[in-house]
Each structure stands twice: as C-alpha cells, then as structure tokens.
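Novice: Line by line, the protein sequences give chains A and B. Those letters in the first sequence? Residues 1 to 190, by UniProt numbering. Those letters in the second sequence? Residues 1 to 190, by UniProt numbering.
Keep in mind that the hints were calculated from the coordinates and are not lab data. Fair warning: this is a prediction, and the values are worked out from it, not measured in the lab. Yeah, the Cβ is synthetic: ideal placement off N, Cα and C, and Gly gets one too. Incorrect hints may appear among the rest.
The following label-pair restraints were derived from C-beta to C-beta distances [said to hold, decoys possible]: (1) B:80 <-> A:160: 49 to 57 Å; (2) A:7 <-> B:81: 32 to 40 Å; (3) B:68 <-> A:139: 43 to 51 Å; (4) B:1 <-> A:126: 33 to 41 Å; (5) A:59 <-> B:62: 40 to 48 Å; (6) A:84 <-> B:5: 26 to 34 Å.
Number of protein chains: 2
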Amino acid sequence: MLFREGEPVNGIYFVNAGKVKVHKHWGEEKELIVRFAKEGDIVGHRGVGSEMVYPVSATALETVDLCFIDLAFFQATLKVNHELLHALMMFYASELQESEKNMRNLVHMPVKGRIAHALLALLKKFGTNEEGYINMTLSRQDLASYTGTTYETAFRIMSELIQEDIIAISGKYIAVKDPARLEILEAEAG
Amino acid sequence: MLFREGEPVNGIYFVNAGKVKVHKHWGEEKELIVRFAKEGDIVGHRGVGSEMVYPVSATALETVDLCFIDLAFFQATLKVNHELLHALMMFYASELQESEKNMRNLVHMPVKGRIAHALLALLKKFGTNEEGYINMTLSRQDLASYTGTTYETAFRIMSELIQEDIIAISGKYIAVKDPARLEILEAEAG
DNA sequence: CGCGCAGTTGATCTTCGTCAAAATGTGTGG
DNA sequence: CCACACATTTTGACGAAGATCAACTGCGCG
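Let the sequences and hints guide you as you build the complete structure.
Specialist: Structure follows, in structure tokens:
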C-alpha cells in the first residue's frame, strides 16, 4: 500500500513498473476502484488541492518500482516548468471527463454493461499478450469493486459472458474474444 | 442551453449572474446532472482536452449573464498567465475529487443518503435567504437527475424528509430545518 | 364544462445484494 | 499417499430497494 485515504499528502509517485489500484473506501468492507495505474502513470496527484489529505488509497497489485517525488519539490517544479504544469492540467481534465463518464454509467447502465465497459477499458489500457489475454491479472473481487458491484454478481456476469463465448478465461487472465459484442452491451440503451 | 454534449468546443463561459446546470445524457430521456454553476463559476472547461468536443451539456436554469471567452484566446492566456493556469489546475483537481466522491456515494449510498448529501451540498453552495430557504429553485426532476434517481423516488424521499420535519418546502424553495439529521443520513454506514 | 398537464400516490416487477450452503481447491502433518 | 482443516469458488434461494407503469388529484384555461 503506497498510501491510505485520509493520510496527509507528502508527495506524489511515478510508477516505473508494475500495476497499482487507486480506490476509495466506504465503511470497513466496501470499496470502489477509481482507476488503475501502470508503468508511466502518476499516482497520488489526487492529493493536490486545498485539503492536503489523500482522498483515495493506492495499493500495489504486484511488485512495483516507484519514484517518489517530495511534494514541496514537485510544487516548486510546477512553478518553474510551465510545460509540465500545462500537461498536468490536461491530465486532470481528461481524468475528470473519464470520471464523469463512469459516474453516468454507474447510474444508468446495468451491471452487465458496466462490466463490458470495464473489460474494454482494461483491454485498451493494458493491451494483450501474444495469446490475446489482457495483460493484467484482476481478481473478481477487484473487478467487482471496479464496476461497483458485489463479488457474486461480478462472478455471475462473467460466467454469462463466457457462456456467450464473448470472453475466455485462463488462470487469472481474461481474453476478450468478441469486442464487438461487448460494445453492443456497453451501448445498449445509450 | 449554452452548449450541447457532442458539439465542438469553441470557448468557455464565465457566469456573471444566474444559475446553470451541467449534465450528461444517456439515451433520449435520461440524464445525470454533474454540477451546478452560479455567478463566478466557469462552465465549459470540461471541453478542454484532447477531444475538442463537449463531454457534457450546459443549460441555464434561469436568466443568466455570461461572458464567453474564445478558446484560442483562452489558451493563449493560459500560456502567458501562469497564475491562472495554476488556479485552473487546482480547480480541476478539486472537481475531480468531488466527482469521485460522488461516484462512490452513487454506488454505496442508498437514495435517501444521496439526497441528504445533495441538499447539504446545495445549501453549502448557494446559501439561504432570510427565511432559511436555499437560494435556488430546483425542480424535482432536476433533483432526481442530480442524485441519480427517478422523479418518483426523489419525490417520495422528499415527502419522507418533510414528514420527519428535517426539511420544509415553500413554493419552489427548499429549507433545511435540521442539517444535523441530514448529516446522519449522509454518514450512515460510511 | 371538458381538456390537458404537473404533482402525487399506489401497485407491481426487476435487478441486484445478501446470506448460506455446496463444491472445489490447497496446504499440512502424519 | 491419505486425512483433515481451511480457504476460495460456485451455485441457489430469498428479500429489499428502487424503477416502471398506471391511475388519480387538483388546477388553470380555453
């Protein structure tokens, strides 16, 4: 765990290698995964703001190689490097768009559509290995948290998708066999 | 309507007076209100990004007085005025935090809690007039869209809250009589 | 007086979350 | 190699929250 929701912010992280999940908690048990980060991504920038407290937690999903940047240094850099400042602003803007799209989906889409959307997003973000499996291992628990459902429901939907021959599973890896059908599920009633 | 989701971005708006809702659509009928803007707020900044297309719509809730800034000019200004760039970045950061908090609430909170949260947010944002009513008229339809529910459900919950003497309604205005009880509803199971 | 429309309420229906049991897997020590 | 404890996955049954549909109210207006 890189940092925990509620802790004071003292810097940001660059991910050199490995995968990280960024999540928000509700009560003891429940969580919502807000984003995944892979090599090249920033983590902890959500702490920047008036409240110097992390609004989310970040935990490594595998062994990661991180670069920690002290907050004071980072902010000083921003003051000087306007390219970076601009890039960071654009990054926030796109994350905001993404977040609000997910929000709408959460409200109006049935679980199956959300899972479809999530799988496509993961496929796009992490790509596939030679055999066509998504380059990431995701426990069903995490998939559930990412789509805002429970473990059992996520499980059932995945079973359905396998029955329908839209996806396939091998060990901890998932393959999307029929992206088009997922897109249909995603778009349904939209 | 200031602009519509999907249209190309050609500038941003400053609100001098009046209230605006920013919303995202799903299908023909359904929408989700993402944010309200009042005098002093920016609208249309969500269009900034790689895709030069508005990800949301904005419509005036009453007569508004706007200041339109051409996109090219705005971006040129950002290049020069680093204070502004920095402020805008911070603004995005806080909107992102807000958005993700709402996202979690949408998933884990029951409707009643979400309405409580929404009322408190509106109270905080718009304040009250002399008689204690929130300085904003909100149709139940909009309240429903804002909390991610249907008209009927929003209506029922409001009735409950009135029964419980937590809020009061006069014409189109809403008064929060017992903020503490709303906070309890908001925090429940969190 | 009748029509239309927003506000209101009631009745049902679906989806999904919850709980619990069954099946299956995994490790450990004898 | 087996027996046992324990964890994880899978399936089933049930219930609750809320969406949907439809009817009813009051009210303005032609």
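Novice: Now look at each hint and say whether the structure bears it out.
Specialist: Each hint tested on the structure:
1. B:80 <-> A:160: 49 to 57 Å: At 55 Å between Cβs, range holds.
2. A:7 <-> B:81: 32 to 40 Å: 33 Å, holds
3. B:68 <-> A:139: 43 to 51 Å: Because 49 Å falls inside the window, the suggested range holds.
4. B:1 <-> A:126: 33 to 41 Å: 39 Å, holds
5. A:59 <-> B:62: 40 to 48 Å: 46 Å, holds
6. A:84 <-> B:5: 26 to 34 Å: 31 Å, holds
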